[in-house]
Structures are given as structure tokens and as C-alpha cells.
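Participant: In order, the protein sequence lines correspond to chains A and B.
Residues in the first sequence are numbered consecutively from 1, following full-length UniProt numbering.
Residues in the second sequence are numbered consecutively from 1, following full-length UniProt numbering.
Warning: the hint list may mix true and false statements.
To be clear about the criterion: a stretch of chain B counts as covered by chain A if any three or more of its residues have a C-beta under 8 Å from a C-beta of chain A, and this derived list gives those stretches [stated by the list, open to error]:
(1) 53-62
(2) 132-141
(3) 183-190
(4) 270-283
Read the hints as simulated data drawn from the structure, not as lab findings.
From the three backbone atoms N, C-alpha and C, an ideal C-beta is built for every residue, glycine too.
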Amino acid sequence: MSKIQEVKDLVAAGKTKLVPGKVQEALDEGNAATEILAAMVEAMGVVGDKFSAGEIFVPEMLVAGKAMQKGVDVLKPALAGAGSVSLGKCIIGTVAGDLHDIGKNLVALMIESAGFDVIDLGVDVPTAKFLETIEANSDVKVVALSGLLTTTMPAMKETVESIKASGKTGFKVLVGGAPITPEFAASIGADAYARDAGGAAIKAKELI
Amino acid sequence: MLTKRQNLLETIRGGKPDRFVNQWEAFGGVMGDPCKLRTRAERGGPDAVDSWGVTTTWPANVPGPFPVHDYEHKVVKDITRWKEVVHAPSLDVPDSAWDDVKAQASQIDRNEQFLTFFIAPGIFEQAHYLMGIDTTLLNFYEEPEAMHELIDYITDWKIKYAELVCKHLKPEAILHHDDWGSQINSFMSPEMFEEFIVPAFKRLYGYYKSHGVELIVHHSDSYAANLVPYMIEMGIDIWQGGLKSNNLPELVKKYGGQISFMGGINNGIVDVLDWTNELVAREVEEMCTSCGKLYYIPSMCGGGPGATDVYKAVSKEIDRMSSVMF
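Same shape as in the complex, but just chain A (with noise of 0.2 Å):
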């Protein structure tokens, strides 16, 4: 089995302690970084999948999302002189009146998996807050919103629409949460809708 193809499984299995050894030993052999990176993507991606088809569940998730941050911190400076393996920026938040986080915790845990720079507001984010970030960030690619509760749907509308008014353009708004379908988004005016952490991995990477 190759090198790369160990880094992969071992992040797969949220081997936390092994990844940063191994993915040293796949550099050491003459492996890229990129190509490392992308395998260790690929792995959270098999991951998120199994997490949405109820395989695997929260844990699971988050030790793979460790392993695979333990191995980045390895690969980083042959990353920087590789120039930038980014897919870009991507803002996330829960939506004004609503602290529930670990759903966004994942999400922005898989988005970053997936190769994004993320910019986690956190929980309760007033809708000036995600203008004003996406003022200040104007290469974002994807700002993701996230609402577990009934009540805060209408602050996830207004969060939607106030963005898509305030005229700034060159990125696209992904939603999500417990109960938002994909009608509601497609009502509000967000560009995509996402059911879970997986699926907002995959869905954010088709946006851009």
C-alpha cells in the first residue's frame, strides 16, 4: 500500500496519533503535498459521506477532522511553497437568536475538510455581522448559515436577503439546518441548500 493511500485510511479512522508520522514518511518518500492533501480531502470526503448515510456518527467526524488537522500542520511548510491550495474563503455562522452550534461546528469542520479557509462567526450572528465580514473578505466564495430552530428561520430569511441586496457579488450563500428544506432555501433566495455536514462539504465545492 502506498504511503499516501496510509495517510488516508489512517485519517479515515480518526488515527490522530499515527497521521502527523505517516504523512512525514509520505513527504520523506517524495510524495507532494498537494497530493497528500488531496488524499487526506478525498478520506473526510468518504467520511462525511458515511456520517450523512447514518454509518458513522458525531464522534467518528470529529476525530477524523482532528487527524486530518494533526497531518495539515505537518504538511504546512511544503504547503506555503507550493503556493495556495485553497478552494478559497468560506463564512459561516448560526443565524441571529439561535446558539445551538455543534451542527455548525461540523459543517464548518467538513467545509474546512474539503479545502476552504473558514471563518467561523459562531453562534447568534446578526446579519451585520455577515455584511460586514463579507466587506472585509472580498474573495469569499460561500457564506453558510445555519439554524437548528423554527423561530430563527425568519432571521435566516432576513440574513439572506439583506446579503443578496446589499449588492455584493462573487460568492454564494449555502443554508442549512434542522428545519430548512429545500424549498424554504430556494424561497428565501439562497443559492443551496444543504442537509447535513457532508452534503455541505460536497454542496460548497459545487458552488464555486
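Place chain B on chain A using the hints.
Facilitator: Relative to chain A, chain B alone:
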């Protein structure tokens, strides 16, 4: 006509109920905090710190309070050093501290209702209040020994609390709040749940059962169909809050007689801004007809009786289904 209490027992024991148990009607709820454990933020007010050291916040535009889990506010920043920072609150209060809940209890008609004490947060929730849910779940993988120790510590403390509850209040039922899943799956795998969570609840619910509590009602408004065999093992009589996504009719068929199911009417479906009586009627009718008369209590999934128009509309439709099906 059976009393509300008799009707519930007939329902969950496979007898002959004469109508559906209508949501929370058979439970005489008692709430209180005799040991002053749950200091929490008020809506729009300043953040508050409870007796475990957990900071809660309740912004004015948010429906409820939440623990704050930025790095600065986490009680447990390093699970391997939890013993240095986690200190269970004192339960040493005068007997008079229980007067208020005793007064509530005296108002309950025991022929009609079970004297039911509400307890929250649960064991898993207490753990993640201390450090954040992501960190808690990750720690099950990375530091299992420390997590076992912490859960044992929380459970020991909750059993000491149970001693006081049973001594002073003598409840006939408890309603214990511990959310175990999202809308589509349990938070953790059944194997992980079996290792970390099940033994703790077997001890706790075993204590209540051996000290006069007849009914253990466990609230988790989530998907948790994959955990039902463990709920039975823990001694849960009624799982309250099971979302529609659990396929409750199938669970009733498979496990009815060992446990009963209360819920199935998702707040997220019926308790919406543009709700209608037709929507409520459709949801209630679907659940009542598909789950049947035994081992199922039609109810909204939220963890307690409500005074909202939607709650009342659901109750009215359950009465209608009783007249149709019984």
C-alpha cells in the same frame, strides 16, 4: 371511565385503556430547585454561573438559555485534569428547602396523576455543559478513562440527589432530561453509548426504582431508535420525545411491552408560525392510527406540558382520535 392514571397504566402495560393518554395529562408535574443548583441567565439579562461553574447566556432574541463554551468559559479545558476543576455542588440544605416542592405535590390528585418530579440536566448533558458537546464527544475517543471517571463522578452525585428527592418528595414518577441525538441520528454510536452512558443510567434509574419511583420517564427529543434496547436495559418505562423520524409505529410493534413511547408529534412540524388546525389534525391522526392504542402516548416532542395554542390544538385532536378509535 378510567382515571388518567389508570388509563396510562393500562396503556403502557398492554391492558385495556379506554382512550389515548392525552399528552402530559397523567403527570402531576413538580418543579423546583431545593438545592439551588441551576442558577442560570434570564432572558436579556447578564450571563450567570451555576453551581457547577457553568456559565449560561440568554440573549433577548433567543428562545432559551445556553451554556457558554468559548475557551475562557469552559469549566473543563483539559479532561485529563478534570478533578482539579469539577466540584459537585453541595446538597447540604435544610429540610425546609423542600417545602415549596412539597406544597406543589400536595395539590396533586394522586387518583388522577402521578406525582412527577422534573430533573435536568441529565448525565450526558451535565458532562457536555462542563466542556462543550463537541469536546465531550471527541473525548470519548481520545480520553476514555477520564470520561469514565467524570461520568461516574456525576452519577454518584446524582444518586445523592436522588436520595434527597426520594426522602423529601417521594415522587411516583420522574421526568429526566438528557438529549441523546439529533433529528436524524443518535449523537454517538450504540456501542459508545453502551460503554459510557448505559451503566450510569442503570445505576441512577435503579436507585429511583428501588426507592419507590414507579415510572421512569426519560426525555430525549431526538432520533434514538437505535438506542431503545439500552433504554429498556436502563429501566426506562416511557421514552418521551421520540421524533417522527424514529418510525415509532415500528418501535411500538417491536418493543411494546418492554417500554412505551410518548411523542411523535414533532414541534418542528406543528409548532410553526403558519400552523393550522388541519396540519395538527393530520399529524395527530397519522401518529394515533399508525402507532395504535397500546404502548404509545401521543404527544408533542418538547419536554413538558405547554400552554400554547398549538399544544391545546394537539390535545383537542387527540381527544377526537380517542372518540374515533376507542
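Participant: Hint by hint, say whether it matches the structure.
Facilitator: Going down the list of hints, with the structure as the test:
1. 53-62: Since three or more residues must qualify, the claim that chain A covers the segment 53-62 of chain B holds, with 4 doing so at under 8 Å.
2. 132-141: holds (count 6)
3. 183-190: Since 7 is at least three, the answer is holds.
4. 270-283: holds (count 3)
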